[in-house]
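Asks: Listed here are the chains, written in short residue letters.
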Amino acid sequence: METSVSSELSSPLPQPLPDHPLVVIEPAKSFFSLNFSDVWAYRELFYFLIWRDLKVRYKQTTIGVVWVVLQPLMMMLLFTLVFGRLAGVPSDGIPYALFAYAGLLPWTFFATAASASGNSVVNSSGLVTKVYFPRVIVPAASVGAVLVDFAISALVLAAMMVYWRVQPTRQILMLPPLVLLLMVLTLGFGMLISAINVKYRDVRLALPFLIQVWFFASPVIYPMSLVPERWRWLVKLNPMASIIEGFRAALYGKAAFDWPGLAGSTVISLVLLLLAVITFHRMEKGFADII
Amino acid sequence: MTPIIKVESLGKRYQLGVRAEPFPTLRDALVGAARAPLRALRRRSRTRAGESFWALNDVNFTIKPGEVVGVIGRNGAGKSTLLKILSRITDPTRGRVELYGRVASLLEVGTGFHPELSGRENVYLNGAILGMHRAEIERKFDEIVAFSEVERFIDTPVKRYSSGMYVRLAFAVAAHLEPEILIIDEVLAVGDAAFQEKCLGKMEEVSRGGRTVLFVSHNIASIQRLCTSVILLKDGQVRASGNTLEVTRKYLEQGGTTTFRWTRDSPPPPEGVYFEKVYLSDRDRREVEYVSTASTISVVMEFVVESQSRGLQLGVGVMSDTGEQIFGTVPQDVGLAVPQTPGRYRAVVHLPEEMFLPRTYSIKAMLYYLTPQMLDCVDCLRFTVQEAASLGTNNPGGRTGFLALRCDWEFD
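Protein sequence lines correspond, in order, to chains A and B.
With this note's numbering, the residue at position 125 of the first sequence is 127, and numbering never jumps.
With this note's numbering, the residue at position 279 of the second sequence is 307, and numbering never jumps.
There's no promise every hint is true.
[As the list claims (entries may be wrong)] Stretches of chain B that chain A covers, calculated by requiring three or more beta carbons in the stretch to come under 8 Å of a beta carbon on chain A:
no.	region
1	152-158
2	189-201
3	309-320
4	419-425
[As the list claims (entries may be wrong)] Capping the alpha-carbon separation at 27 Å, the derived lysine-lysine pairs in DSSO-like fashion look like this:
no.	chain 1	residue 1	chain 2	residue 2
5	B	K187	A	K61
6	B	K34	A	K287
7	A	K287	B	K226
8	B	K226	B	K187
[To be verified] Estimated spans, in silico, between C-beta atoms of each pair:
no.	chain 1	residue 1	chain 2	residue 2	range
9	A	L149	B	R124	51 to 59 Å
10	B	R124	A	A265	57 to 65 Å
11	B	E164	A	V68	51 to 59 Å
12	A	Q62	B	G192	50 to 58 Å
13	B	E438	A	I280	22 to 30 Å
In case anyone wonders, no lab produced these hints; they're calculated from the structure.
Where is the CB? At the ideal position from N, CA and C, for every residue including glycine.
Please put together the full structure from these sequences, using the hints given.
Replies: As structure tokens, this is what we get:
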């Protein structure tokens, strides 16, 4: 078979050399040497990794993307039966199914994305040891891939709201900032875990348990109003608590926003993200040597 | 001309055993620090001092645009570490590198290939991982597929590919990179001979196109073919650099007490049956300059029979570096008799193709009677085999034993 060989490759490179080196490789000096332009230059890889995750996740499944809708729906049904009907957990005057789904929406995103990105760097050892790219793309793309699931689940919620004839109020305008806050928190947590995980593999084993505990510590299946007044401050230390309650307030407009709680959650999330960026940047230099 | 790559006093230190030991656990770190902070601290400092080594130490060189530079050296000389630093996969401990151009590195073919994805999908993914833009991949897609020769299977998941198809597709993507600096690590050690030849051709084209290429290989023949200059690393330092032929020769000579030929320089033994000359040759009867795992060699023996010698035997043995015979061969094996009448003879035994592993061998030739009586024995041929893409090196994880032999396999 005749194959054509690239003619572009054999054409000479006319560009003169730049005056300054494009890349300088030196021992890491400080953690303020972050290179954001480098991350930008590799943005296409970010999209491709998300695309790969999505493709691979539903390859060889018969109903494919229907799973995205089915998973939270089945959880909702289960929780409605067990907690709403059997245990009679109150739901702040909202049908329990809607109540649970509004909590499951941010929670499922957080839990899935945090565990995916927490394990992402370790799972990408083949890439990390063989090719250069800003490593932060790996945990970020894991979060990005789960964001697609989140969007589809949100559409299901919209359909449910139509079914239960829930009229959105002006409070729904808070939804985009809440989603942003959720992403900051998830990315911060996932990135931090992904870096520590490279060195200490205990993290991989502890993570599912940690997330399980976190689930019960968050008002997903129960309302914050069920928590005794004097213990609420403790629950609010969990940044997910205010986010979940915020989601309900934004979607159904029954309750007012807990502004101090949201402010606290924002501060904690931002600090966590900053901590994650610094830790990740300090540790990524050694990834290839210890992974 | 100003250099495109500038490497200054580059050093990389590794902690020994970091990889080999089980991963440090959080518990060890916490418990250790809590229980005996002082001891933990002391032990750490001792470990630092005693169990680290410099994979690279004070390496300096510059490369001009358009040069094709080979990097050679034995296992552990620091070649891979150098490539990893230049590719920005790992950081140096000391020193500085300046790169005046975009770099693409190819430390393995098919990095990031996902078995579940189709050939088409993997071309896009792999291209992005190697730093290509989507538009660039789209533009070259047909060319890449044509080069890989897997058109028919481009929409099949690569997990159903044969290893040859997989490698061809992966190399095809890499071959269409257009960086100013291309760093390649022994990627030609895979694939069948025809495809290897095609890849070498492609690389020659790349280098003629004015790109700067840094190329690590054990295959001295391809280094000699492609490279305009060579850097020889030994123990983490640059031992020699410059002219390709000179440096590769120097490398091959490093092998230690290497002897490929023996010529009689002393009076012949009294029995009247003796060797004049014994040497290693390639299949074209040219004396070899080195032996690599890809070499297929023959042993040529010139010998003299002064008087009628009924029952004369001739044999060749291949020995391990410790002197144990691995196997012996005699002309009767293929139905040939050893000449017994007076005369000068030349016998040639063709050793099996690519049978050597990268280790040290010696070869001996013997003239003898079965009585038994040794008439003459030449046992000073000794050499260390260089690694090259071949049967002996193509097995992932290496090959143990003394020889690489291609055997017939069947499944029922």
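Asks: Determine for every hint whether it applies to the structure shown.
Replies: Hint-by-hint comparison with the structure:
no. : hint                          : result
1   : 152-158                       : holds (count 5)
2   : 189-201                       : violated (count 0)
3   : 309-320                       : violated (count 0)
4   : 419-425                       : violated (count 0)
5   : B:K187 <-> A:K61              : holds (13 Å)
6   : B:K34 <-> A:K287              : holds (21 Å)
7   : A:K287 <-> B:K226             : violated (36 Å)
8   : B:K226 <-> B:K187             : holds (24 Å)
9   : A:L149 <-> B:R124: 51 to 59 Å : violated (40 Å)
10  : B:R124 <-> A:A265: 57 to 65 Å : violated (46 Å)
11  : B:E164 <-> A:V68: 51 to 59 Å  : violated (35 Å)
12  : A:Q62 <-> B:G192: 50 to 58 Å  : violated (25 Å)
13  : B:E438 <-> A:I280: 22 to 30 Å : violated (59 Å)
In terms of the numbered hints stated before, the structure departs from hints 2, 3, 4, 7, 9, 10, 11, 12, 13, listed from lowest to highest.
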